[in-house]
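There are 2 protein chains.
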Amino acid sequence: MPEIKKPRYQEPPLPEIDVEEFRKVVMTRRSVRRFTDEPIPEAVLQDCLDMALLAPNSSNLQPWEFYLVRSPEKRAAMAKACLNQNAAKTAAELIVVVARTATWKRHSTEVLEHWPEETIPRVVEEYYKKGAKVHYGRLPLDPMGKVKKFIRNVAGLSRPFPRWPNSQSDMELWACKSTSLAAENLMLALRAHGFDSCPMEGFDEKRLRRIVKLPSDALVLMVVGAGRRAENGIYHAQIRFNRDRFIHEI
Amino acid sequence: MPEIKKPRYQEPPLPEIDVEEFRKVVMTRRSVRRFTDEPIPEAVLQDCLDMALLAPNSSNLQPWEFYLVRSPEKRAAMAKACLNQNAAKTAAELIVVVARTATWKRHSTEVLEHWPEETIPRVVEEYYKKGAKVHYGRLPLDPMGKVKKFIRNVAGLSRPFPRWPNSQSDMELWACKSTSLAAENLMLALRAHGFDSCPMEGFDEKRLRRIVKLPSDALVLMVVGAGRRAENGIYHAQIRFNRDRFIHEI
Chain A
440 MPEIKKPRYQ
450 EPPLPEIDVE
460 EFRKVVMTRR
470 SVRRFTDEPI
480 PEAVLQDCLD
490 MALLAPNSSN
500 LQPWEFYLVR
510 SPEKRAAMAK
520 ACLNQNAAKT
530 AAELIVVVAR
540 TATWKRHSTE
550 VLEHWPEETI
560 PRVVEEYYKK
570 GAKVHYGRLP
580 LDPMGKVKKF
590 IRNVAGLSRP
600 FPRWPNSQSD
610 MELWACKSTS
620 LAAENLMLAL
630 RAHGFDSCPM
640 EGFDEKRLRR
650 IVKLPSDALV
660 LMVVGAGRRA
670 ENGIYHAQIR
680 FNRDRFIHEI
Chain B
440 MPEIKKPRYQ
450 EPPLPEIDVE
460 EFRKVVMTRR
470 SVRRFTDEPI
480 PEAVLQDCLD
490 MALLAPNSSN
500 LQPWEFYLVR
510 SPEKRAAMAK
520 ACLNQNAAKT
530 AAELIVVVAR
540 TATWKRHSTE
550 VLEHWPEETI
560 PRVVEEYYKK
570 GAKVHYGRLP
580 LDPMGKVKKF
590 IRNVAGLSRP
600 FPRWPNSQSD
610 MELWACKSTS
620 LAAENLMLAL
630 RAHGFDSCPM
640 EGFDEKRLRR
650 IVKLPSDALV
660 LMVVGAGRRA
670 ENGIYHAQIR
680 FNRDRFIHEI
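In the order they appear, the protein sequences are chains A and B.
Taking this note's numbering, the leading residue of the first sequence gets 440, the next gets one more, and so forth.
Taking this note's numbering, the leading residue of the second sequence gets 440, the next gets one more, and so forth.
Please note that a few of the clues may not be correct.
Put simply, identical chains are the same to the list, so a pair is met inside one copy or across any two.
Under the rule of at most 27 Å between Cα atoms (straight-line distance), these lysine-lysine pairs were calculated in the DSS-like manner [what the hints assert, rightly or not]:
1) Lys544 <-> Lys463
2) Lys572 <-> Lys463
3) Lys463 <-> Lys588
4) Lys519 <-> Lys588
5) Lys588 <-> Lys513
6) Lys652 <-> Lys528
7) Lys463 <-> Lys645
8) Lys652 <-> Lys585
9) Lys652 <-> Lys568
10) Lys569 <-> Lys588
It is worth saying that the hints were derived from the structure and are not from the lab.
Quantities reported herein were computed from a predicted structural model and do not represent experimental measurements.
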């Protein structure tokens with residue numbers, strides 16, 4: 440997002456939040472491998488999906504999609520495509536989390552149509568009308584983004600300049616980031632509601648794409664199994680390496 | 440994660456959670472573009488990072504890293520590398536969120552060393568000793584993963600079979616997913632503590648890598664600016680397209 444010189448917008452006052460309630464959500468979230476037969480109330484599930492859609496995302500281009508697999512035939516096929524994992528077989532809901540790499544163009548136009556103020560700041564309008572297209576678009580005859588990368592590297596010689604995204608695989612990474620942020624919201628929201636989840640990457644993408652009938656620009660990030668945690672749903676205590684391996688100060 | 444036939448582990452009983460407290464976290468989180476001068480108390484920041492490390496992640500291989508940029512010189516250089524965005528210039532903390540694509544090998548050995556039970560289930564031991572290496576490892580002389588992909592597609596003719604990951608760019612996507620889940624925990628945790636964040640993708644990766652001195656397998660996903668929200672820190676009301684565009688039932 441470009442920066443606006445004279446912001447006038449004011450958010451409503453922030454409420455007090457009990458961080459300990461949030462901590463409970465994060466600390467009790469585990470990847471649950473077996474669920475009970477209990478369904479997730481529809482309102483709860485939809486509420487969790489709504490919270491997923493509030494995740495931060497790149498330039499507000501909202502590249503995510505969530506497919507609830509509910510027809511019995513597709514449900515059975517999905518469990519198989521998820522390699523018959525218990526989490527897939529026993530989940531009350533299976534949600535396919537998909538990142539789209541081509542919807543940004545339509546969305547960059549529609550952000551302006553949905554603009555919440557009467558006057559769209561000029562820098563915003565220019566960004567979504569031109570900047571975003573230059574930034575995310577690919578050059579003709581440059582499938583690997585090598586020309587675009589070269590131009591960026593030349594521009595970056597004299598001043599800081601974004602080097603990315605240039606290629607289709609860059610756009611996959613781009614869409615993956617925002618969509619994963621949303622997926623985490625979904626899983627935490629389920630936990631906050633007393634339910635649980637298991638994000639699965641072990642699936643046969645070819646078979647899955649056929650079941651869900653995904654468009655070609657869609658990338659399957661994960662299948663989230665969700666439901667009520669079974670007593671034997673977690674197989675061992677949580678393992679995390681020492682934080683010093685991951686947190687660095689420079 | 441492979442599945443274990445006879446689970447004996449029992450999680451502690453689940454606490455009641457007030458979902459409305461969680462909802463406040465998600466609903467009040469906005470990307471904040473200007474922060475006040477107020478520092479984030481060290482204990483709060485470290486607590487947020489600890490909660491980031493509890494995110495779900497692929498095969499528990501924890502491919503994430505977080506770099507707190509604190510030396511004044513690096514801090515100034517980082518703001519420039521982030522294209523002088525206000526969020527970068529005014530943030531109390533800048534946290535570089537990095538996904539590693541090569542640490543999985545070491546981590547797959549160490550998961551076994553850290554195993555929380557006396558006996559490691561055989562299926563777990565085999566997975567981390569062999570399965571993970573076959574699954575995530577690249578074949579020699581197959582830099583684009585074409586041979587590995589072909590083998591997987593042949594294996595997948597007769598039964599569901601994971602088609603992925605095969606190449607370095609697959610591993611980047613792989614590490615991106617888990618690390619983004621952790622980044623969302625970090626940003627929500629900041630909000631739960633009364634602070635705010637702005638995930639920035641607009642940066643000069645070349646300059647940033649020099650500042651942080653990143654290893655070659657590291658991928659910079661985003662720079663999270665964090666601090667106390669300024670009164671003029673949010674530029675407009677939140678915009679989300681209609682949920683029907685993103686949530687599908689099949």
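Structure-based check of all given hints:
Proximity of Lys544 and Lys463 under a CA criterion of 27 Å is satisfied in neither setting, with 39 Å inside one chain copy and 31 Å between copies. Within a single copy, Lys572 and Lys463 get their C-alpha atoms no closer than 42 Å, and across copies no closer than 34 Å, so neither meets the 27 Å cut-off. Taking the closest pair of Cα atoms, Lys463 and Lys588 never come within 27 Å of each other, the shortest separation being 44 Å inside a single copy and 41 Å across copies. In this assembly of identical chains, Lys519 and Lys588 lie within 27 Å of each other by CA distance solely across copies; the values are 20 Å between and 41 Å within a copy.
For the identical chains of this complex, Lys588 and Lys513 are inter-copy neighbours only, at 26 Å across copies versus 42 Å inside a copy, given an alpha-carbon limit of 27 Å. In the homo-oligomer, the alpha carbons of Lys652 and Lys528 lie at most 27 Å apart inside one protomer (21 Å), although the nearest pairing across protomers, at 45 Å, exceeds that limit. Taking identical chains as interchangeable, the C-alpha atoms of Lys463 and Lys645 are never at most 27 Å apart, the minima being 37 Å within one chain and 39 Å between chains. Taking the shortest Cα distances, Lys652 and Lys585 sit within 27 Å of each other only across copies (25 Å), while inside one copy they are farther apart (31 Å).
When the C-alpha separation of Lys652 and Lys568 is checked against a cutoff of 27 Å, the pair qualifies neither within a copy, at 31 Å, nor between copies, at 36 Å. In this homomeric assembly, Lys569 and Lys588 come within 27 Å of each other (Cα to Cα) only inside a single copy, at 19 Å, whereas the closest approach across copies is 38 Å.
Of the numbered hints stated above, those contradicted by the structure are hints 1, 2, 3, 7 and 9, listed in ascending order.
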